[in-house]
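Novice: Sequence order for the protein chains is A and B.
When we follow our numbering, the leftmost residue of the first sequence carries the number 76, and every step to the right adds one.
When we follow our numbering, the leftmost residue of the second sequence carries the number 76, and every step to the right adds one.
Same chains, same label: a pair holds when it works inside one copy or across any pair of copies.
As a list, the in silico BS3-like pairs of lysine-lysine whose alpha-carbon atoms are at most 27 Å apart: (1) K140 / K126; (2) K140 / K166; (3) K442 / K165; (4) K166 / K461.
No lab work stands behind these hints: they were computed from the structure.
Residues per chain, in single letters:
Number of protein chains: 2
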Amino acid sequence: MARLPARSLWKAVSGRGGRLLRVGAASKDRVARPITSTTTNGSQNQIVAPKGGTAEDVLEQGARKLLEYVRGASVGSQPVVRLKSPGELKKAFRATGCGLEITGTEEVAGVDELLAAVECVLENSVNTAHPLFFNQLYSRGDPLSILADWMIAATNTNVHTYEVAPVYTVMEAEVLRRCARLIGFEGGYDGLLVPGGSIANLYGMLLARHRADPEWKTRGMNGGPNLVAFTSDHSHYSYKKSAMTMGLGTDNLITIPTDRDTGAMVTEKLEEAILKSKAEGKVPFFVGATAGTTVRGGYDKFDEIADVCSEHGVWMHIDAAWGGGALLSRRQRHTMHGASRTDSYAWNPHKMLGATMQCSIFLTRHKDTLHECNGTSAEYLFQPDKLYTEYDVGDKTIQCGRRADAAKLWLMWKAYGDVGLEKRVDHLYALADHIQERIESSGGKFALTFPRSCTNVGFWYVPRALRPFDFSTADKHALDRIAKVAPYIKNRMQQTGDALIGFQPLDGKPNFFRIVFANADNVTFDDVDQMLERMEAIGEEGFPSKA
Amino acid sequence: MARLPARSLWKAVSGRGGRLLRVGAASKDRVARPITSTTTNGSQNQIVAPKGGTAEDVLEQGARKLLEYVRGASVGSQPVVRLKSPGELKKAFRATGCGLEITGTEEVAGVDELLAAVECVLENSVNTAHPLFFNQLYSRGDPLSILADWMIAATNTNVHTYEVAPVYTVMEAEVLRRCARLIGFEGGYDGLLVPGGSIANLYGMLLARHRADPEWKTRGMNGGPNLVAFTSDHSHYSYKKSAMTMGLGTDNLITIPTDRDTGAMVTEKLEEAILKSKAEGKVPFFVGATAGTTVRGGYDKFDEIADVCSEHGVWMHIDAAWGGGALLSRRQRHTMHGASRTDSYAWNPHKMLGATMQCSIFLTRHKDTLHECNGTSAEYLFQPDKLYTEYDVGDKTIQCGRRADAAKLWLMWKAYGDVGLEKRVDHLYALADHIQERIESSGGKFALTFPRSCTNVGFWYVPRALRPFDFSTADKHALDRIAKVAPYIKNRMQQTGDALIGFQPLDGKPNFFRIVFANADNVTFDDVDQMLERMEAIGEEGFPSKA
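Just chain A, same shape as in the assembly (with noise of 0.2 Å):
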């Protein structure tokens, strides 16, 4: 084989738009040839394109398409939803000659098909940024998280050694320490961005484990300790499915009750049921408190927990998915009290700050137990005689492959500043006391469900013939009929597209609307008042004979 010079064919030359320019190779050998591809431009040289075009032009043809949703989709103007049945949207795929199903050689999509099935999702998509998407505890991308979300997408690769991602890697570790000192974990801190809270919540109960049983990574659960964990019966379902996973088994998670007034979880009674397990001869492991419960937004007292897990030498995690979001509000922050105690904590900027699905993010103030815990040294990725080891932090995981989530909350982060994102936490809230406000001076029309403690608003709507609507007194015949108003009501708005929200039966109360603002930039009191008035409107026409 011919020799080449051993030294770089690659010098910076920085011009406008940061190109790079290649100098230094000699011209006439083939000695001197970079090393570059035959390619040319990046379809030249592909396997395969589809028909009747290049992939980069499907790209950039859907991307536009994609930038006008974004620009549209925040605007009430279009329905939330244009709801379909299954059937309905395969028939509406197989119009843009690109159908739904995958059969096979025999029906390749062309570029005008793709970019009609591009739309079709579009279309038919729930409309997530719409005023009225009050149905889950996220709603719009924030364009600059979306930016982000397609940075990481074109640039493909995984947050698992600095090697592979250089950026990216550094960028989490930026984004973990700013996080670390939001919460106020001041002795030291490691972290990870997770895909999902459910997974961040696991992650605190795996390390709780490790604490309680060292030996549980050899041994196994069997034959170890009779762990048990506790959390209160308003937490989320993730504790559960984590404890499912993980080999404790339910048994073994205790659910502790909620204060039916604030929605926290009765610290006394979680004091007892430590106290009645250790007298059992269990081994209490692992509290799972709650920033910012699912339904209506409770906060568990954290600095009551943590000093009843300090006391008997319990882990503490708090799953602030959803409320974390207050941290960064002066005026809310007093309802994350005694956060900065907890052994670990997860967060999900995906929630209140807008960020895409999905931003999660898992932090402890105990350094190096992620490694401790979850660590295998895979010697064929983790070498130590790679370069910047430190950011090498696959090994903490219980993944390998790992999108560079942490991108996201950065950008926004560096454009909105602590300010702007407190003045997004902080419009959330004033919705709903504005939408609470409503409510409570409706004349018995509307009735709140559950004092608030975040942007969680629980109500009913009353129908005439039940008001005044007091639930404590309330009779079978009333419960059971308020119990099909919300879905009725919802249904409705649903199936014309004008809103999509949330109900659910909590503590023995009938379904009742959940309306939780996670959308700070697009909803306006106004909007509000009119969903509120649309709820009204379809009331008033009175119901089904089955409602």
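Since the structure of chain A is provided, determine the placement of chain B on it from the hints.
Specialist: The following block gives chain B in isolation, referenced to the frame of chain A:
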């Protein structure tokens, strides 16, 4: 409150571009106002916007840079990496006016700074589309997959209920159906897209545990049968991590030796180990087979393993995260013989097919077990009175939020069809054939490390003094010396941005290069030749005394 007409204010009037017009609302009366936001465009109502523009503008301008990057990134005339230390990276970002550090309000970045930061990310990220990016089992993201990824971010929703993700839940079902057919699951199946192959392997182990010990869900592992799992010594570390996570413990994950020639688990040893465990009173519950081992691409003998598993009532899982792509190629499919008999299966189209990270499929041929194993039926989310609840797949997962990753494979499959995807896979094998041939005809300059079975190629560059190199007869001095060659050459090429290649030891064989062909569209035979030439050129220069 005023009364609104409770009929739909939305009627679809199809127009060019899919825009819908609003009709039916009377014009004069406040009552007749549709439920729209006061927002008239996406940014007007923003509570917070970047300094000097709107978030939408930044997205649009940033997207242009990304499109340019995608077109350019696949071209070899850009270095694979512009290697910087973390400190140098921070300096580069500081120069954009948008430093990597998030310090808070004092340094909010404006539109220009944000866009410069995006450029800085692109310029300093590893160009995984580069023809000589051979560091990992993934590479260039297919532009169609990038488009789907961008669409997922733009529509920002969660694939847990039909209600919030009507298109994506149906799309996921279609993708899973097609993949089940590809494997050959004929009597039924179930599945999920999950965040990475490691998590997919965890799912396999969870289902296996559920079958072996249905009580685990409530009781936990403690006090249950002494479960034991089996996998080969070449399998991915995620089996070990999953054994830890699920509470099995690594002592209960028994390692079966791999045949040094074929790279396949020695099935006789597997059966011996199962019998031995049974004799010790343990309960074998899971065999983790592999299609395409991480380092050398070995395929276990699935038909034999299925016989053993069937005989002993053990759950069989195949980690085909890397090697599952062979099913798409008529020429290579034989390596997957017997795979259709597996109980569960993991496959990452983000590896061999070029889907963007992450696109990971978990499949089982047992219908309903995912729900039985992982379900908790959270009443606030999975309500039986919702519409089309057969698509409410969220309760099958161990997550709550989940990205619509299926859309990426869907779009690629629709565009390329079976034949197109097959071409891609076949080209990867052709590249591997080519480099093998070059190595074998190199006159001893290079030496293969192991016989090939996938597109993984392991080889040494042999310094003059060590030629001819024969591992089986090499003395300690030679082994020590050759162990230093791959790291040295790899680092040199990384420093100059020419190539990014992995290396590692295996089975006592000292550090060797591992080239894995995963980039079908950008890598040519010529690229491969140039890489070998460059390696040789560096090697001919001689090594520093410590090497």
